[in-house]
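2 protein chains.
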Amino acid sequence: MTVKTTYNVAVVGATGAVGQKILKLLAEKEFPINEIKLLSSKRSAGKIISFNNKDVTIEEATPESFEGIDIALFSAGGSVSKELAPEAVKRGAVVIDNTSAYRMAEDVPLVVPEVNKEAIKDHKGIIANPNCSTIQMVTALKPIKEQFGLKRVIVSTYQAVSGAGTQATVELQKQAKQYLNNQELEANILPVKGDEKHYPIAFNALPQIDLFDEEGYTFEEMKMINETKKILDDQNLSVAATCVRLPFFTSHAESVYIEVEKAGVTVKDLWKELDSADGVILEDDPATQTYPTPLSAANKEAVFVGRVRKDLDNENGFHLWVVSDNLLKGAALNTVQIAQSVIKNNWL
Amino acid sequence: MTVKTTYNVAVVGATGAVGQKILKLLAEKEFPINEIKLLSSKRSAGKIISFNNKDVTIEEATPESFEGIDIALFSAGGSVSKELAPEAVKRGAVVIDNTSAYRMAEDVPLVVPEVNKEAIKDHKGIIANPNCSTIQMVTALKPIKEQFGLKRVIVSTYQAVSGAGTQATVELQKQAKQYLNNQELEANILPVKGDEKHYPIAFNALPQIDLFDEEGYTFEEMKMINETKKILDDQNLSVAATCVRLPFFTSHAESVYIEVEKAGVTVKDLWKELDSADGVILEDDPATQTYPTPLSAANKEAVFVGRVRKDLDNENGFHLWVVSDNLLKGAALNTVQIAQSVIKNNWL
Chain A
1 MTVKTTYNVA
11 VVGATGAVGQ
21 KILKLLAEKE
31 FPINEIKLLS
41 SKRSAGKIIS
51 FNNKDVTIEE
61 ATPESFEGID
71 IALFSAGGSV
81 SKELAPEAVK
91 RGAVVIDNTS
101 AYRMAEDVPL
111 VVPEVNKEAI
121 KDHKGIIANP
131 NCSTIQMVTA
141 LKPIKEQFGL
151 KRVIVSTYQA
161 VSGAGTQATV
171 ELQKQAKQYL
181 NNQELEANIL
191 PVKGDEKHYP
201 IAFNALPQID
211 LFDEEGYTFE
221 EMKMINETKK
231 ILDDQNLSVA
241 ATCVRLPFFT
251 SHAESVYIEV
261 EKAGVTVKDL
271 WKELDSADGV
281 ILEDDPATQT
291 YPTPLSAANK
301 EAVFVGRVRK
311 DLDNENGFHL
321 WVVSDNLLKG
331 AALNTVQIAQ
341 SVIKNNWL
Chain B
1 MTVKTTYNVA
11 VVGATGAVGQ
21 KILKLLAEKE
31 FPINEIKLLS
41 SKRSAGKIIS
51 FNNKDVTIEE
61 ATPESFEGID
71 IALFSAGGSV
81 SKELAPEAVK
91 RGAVVIDNTS
101 AYRMAEDVPL
111 VVPEVNKEAI
121 KDHKGIIANP
131 NCSTIQMVTA
141 LKPIKEQFGL
151 KRVIVSTYQA
161 VSGAGTQATV
171 ELQKQAKQYL
181 NNQELEANIL
191 PVKGDEKHYP
201 IAFNALPQID
211 LFDEEGYTFE
221 EMKMINETKK
231 ILDDQNLSVA
241 ATCVRLPFFT
251 SHAESVYIEV
261 EKAGVTVKDL
271 WKELDSADGV
281 ILEDDPATQT
291 YPTPLSAANK
301 EAVFVGRVRK
311 DLDNENGFHL
321 WVVSDNLLKG
331 AALNTVQIAQ
341 SVIKNNWL
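Those protein sequences? They're chains A and B, same order as listed. UniProt numbering puts the first residue of the first sequence at 1, with every later residue one more than the last. UniProt numbering puts the first residue of the second sequence at 1, with every later residue one more than the last.
Isolated chain A, as found in the complex (with noise of 0.2 Å):
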C-alpha cells in the first residue's frame, strides 16, 4: 500500500467567513498540499485569492472540479453540499461537509475529533462536522462522560452573530451604530435571514436561531439535542436546548447543566477531568473572577471552561458555562482538524 504524503485540497466555498478561516488554518498548520483547487459559485468565479503567498485564481464547482481531488473541504451551504458532495465521492474524493446536509444520515460519521475520532473509519466517503453550538458542548462533555457517565444535558445558549454569516455581522454593526445615534434600527437579516420577520439584534436578544419546526423548537436546538446524542453515541441520553443570539460578533457562549450517573463527584474531580481533556482549558477561578466570556476566547482555538459549580439541590447536577470561537472550533478548525485525522490515520 502506497501512502501519500501530500494531497490534493479542494475548498467549495472558499470565499465565505469559514472557508477563508479554512485557508488560513491550511496555511498555518502547514497542511501537506500538493495542489489547492478554490471553488464557489459562478458569482465569485475568476476572483484570485492569496493562499501561502501564492495567487490561486478561484474556479465555479462543478462535479468535474473533483477529479483527482483527495480531500474536499465543503462550506458553502446546504444545498451545494447536497448536489456536488457525492459527486466528489464518486470521483474519488473525501468529503468533510461543514453543512447540516449529512450530519443526521446514518452512513456519514458526525465528528468531533477530540470526543469521537474513530467513527471516521467508518467513512463511506463524506464525514459531516457539526453544528458550532454542539461541538463547544460536546468537547467539554467528552471527559467527564467517560470518567462520571452521563444522564442529562440542560443546555441554554448564548451565540454571536457571525454564526448567521457576515451579513448578520454588518448588521449588528449597524444597528449599534444607529441606536446610539437615536435613529430607528433597520432589521433585515436577524434572527433568520430565510425566515418572514425581522428584529433587531443590537441591544436585545433574540430566542430564535433558524427556523421553527412544528413542534414549536428551531432547528438549531433541533441540532443540538440530535448531534450531541450521535456525537456522544448514546441514544438513551436526555438533551433539552434552548438557542439564544445576542448581540455580540464572535465565540458562542453557554451554559450547560447536566446530571452525572455517578454519585459522590465533585466540582475538583470534575476540574481534574476538563483540565486534562483535550482541546479544552479550564478557566475558573471565582477568587479571582476568572471566567471565560466571547471577547476573550474570540480568536483561539480552545473551549473554553468555567463556573463549574455543583447544584446545591440535587447532588448528581453541575453547572458549566462553556465559551469558543464559533467560527475556529465551531467551524473551521474543526473541519481541519477531522481533515488532519484523515490523513495521520490513512483513512481517504
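Since the hints were made in silico from the structure, they are not lab data. These numbers come from a predicted model, not from an experiment. Keep in mind that a hint or two might mislead.
No distinction is drawn between identical chains; accordingly, a pair holds when it is met within one copy or between any pair of copies.
What the hints assert, rightly or not - With a cut-off of at most 30 Å between alpha-carbon atoms, the simulated DSSO-like pairs for lysine-lysine come out as follows: (1) Lys42 / Lys174; (2) Lys268 / Lys151; (3) Lys300 / Lys229; (4) Lys310 / Lys272; (5) Lys197 / Lys272; (6) Lys197 / Lys268; (7) Lys177 / Lys197; (8) Lys197 / Lys310; (9) Lys177 / Lys21; (10) Lys90 / Lys29; (11) Lys300 / Lys197; (12) Lys193 / Lys310; (13) Lys310 / Lys229; (14) Lys121 / Lys151; (15) Lys117 / Lys29; (16) Lys300 / Lys177; (17) Lys29 / Lys124.
Chain A is already provided as a structure; the job is to place chain B on it using the hints.
Chain B alone, transformed into the frame defined by chain A:
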C-alpha cells in the same frame, strides 16, 4: 376602626433609577397620597424634584424623617435600609424595602402581589421586594405550580446592564462607541462595581452578577435560588441558577426549564394557565415568529412569556422564555403594587 383614605408616603433614594420610576408610578397610578417626602443621602439633599406637577425639596434621610409617615418605600441600597428601616418602623411606618437587606429574614414577608399577596398581612413593619430576576420568574411559575405542581427549576438568565445601576448603563454606551471606533474598551464598573476586576460588557457576555460566595455561586444566583423557594413557599422545590450580564440596557430575559409534578401536561395546558394569569402576557406563536425580547418588553408592566415547549426526552419537563422590564415589574412597579395591596386590604 378608622380607615385612612390618604397616606403620608416617604420615598428613600428618590434620585436613583428605581426611585425615579417609583415616583412616576405613584403619580400615574394615582396613589392616594396626603403628603410625600423625598429622602436621600446628604449629597442629594436640597435638590428639587417635580412630583405630580409640584416641586418637592429632597431632604436628608434621618431617623426623624419618618415621624408621621404611613408608608416608606426604600431603594437606596442595603446599608441605608439596615440603618433606617427599623427607625421608620419604630415611628409607625410600614416599610417596603427594595434592597436585599431583609429579604431572607424570617419575620419579613417577601412579596410579589400576583404570587403571595396574603403574606403581607403577617408583616412586622417591613415588607421586602424581591430581586428583579426572581420577581419575573415566580410571576410566570406561580400559575403553573398552582395547577400542575412544580418539582424543579433550572434557570439561565440574560440580564440587562441597568440592573447594575445608571453608571453601568453609561459604561455600556461608552464602550459600544469605543468598539465601533476601534478604540480600546475602558471597563471600570461591570461586572460588579465593588469587585476587583472589571471586564468590557459591550459586545460581550459576563457570567458574573454580584460577588462570588465560597461555593463559587454569585449572590445573584443565590438570591434566585433562596427567594424563589421563599416566595413560592416551598423549601422542597429544587432551584438551580446561572446569571449572566449582557449588553442590553433594559429588561431581563430568562431561559427557564421546569419539571411539573402532574403527568400528561401539554404545552396547551401551560398556555391556558399563563394566558389567564395575573400580570402575565403570553407571546408565543412560532408560526408567526412571536416571542418576547428585551426590547419588546421594555417600558411595559407585564411579565411576558414565550417559547413554551415540552422537553422531547422528559415527560414532565418544559421550557419557558420569560422577559420583563427589570426596573418596572423587577423593581419599582412591584414595590408600588405591594403598597397598593397594603392600603387596599388595610394591612398597615
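Cross-check of the supplied hints:
1. Lys42 / Lys174: within (29 Å within a copy, 43 Å between copies)
2. Lys268 / Lys151: both (20 Å within a copy, 28 Å between copies)
3. Lys300 / Lys229: This pair counts as within: shortest intra-copy Cα distance 26 Å, inter-copy 41 Å.
4. Lys310 / Lys272: Only inside one copy: lysine 310 and lysine 272 sit 15 Å apart there, 35 Å across copies, limit 30 Å.
5. Lys197 / Lys272: between (46 Å within a copy, 26 Å between copies)
6. Lys197 / Lys268: For lysine 197 and lysine 268, the Cα distance is within 30 Å only across copies (24 Å; inside one copy 46 Å).
7. Lys177 / Lys197: Cα proximity of lysine 177 and lysine 197: in one copy and across copies (22 Å, 28 Å).
8. Lys197 / Lys310: between (40 Å within a copy, 24 Å between copies)
9. Lys177 / Lys21: So lysine 177 and lysine 21 pass the 30 Å test inside a copy (27 Å) and across (28 Å) alike.
10. Lys90 / Lys29: Result: close within a single copy only, 28 Å intra versus 73 Å inter.
11. Lys300 / Lys197: Cα proximity of lysine 300 and lysine 197: across copies only (22 Å, versus 34 Å in one copy).
12. Lys193 / Lys310: Between copies only: 27 Å across chains, 39 Å inside a chain, cut-off 30 Å.
13. Lys310 / Lys229: For lysine 310 and lysine 229, both the intra-copy (23 Å) and inter-copy (18 Å) Cα distances are at most 30 Å.
14. Lys121 / Lys151: within (28 Å within a copy, 45 Å between copies)
15. Lys117 / Lys29: Within one copy, since 19 Å is at most 30 Å while 64 Å is not.
16. Lys300 / Lys177: both (27 Å within a copy, 25 Å between copies)
17. Lys29 / Lys124: within (26 Å within a copy, 69 Å between copies)
Taken one by one, the earlier hints all hold for this structure without exception.
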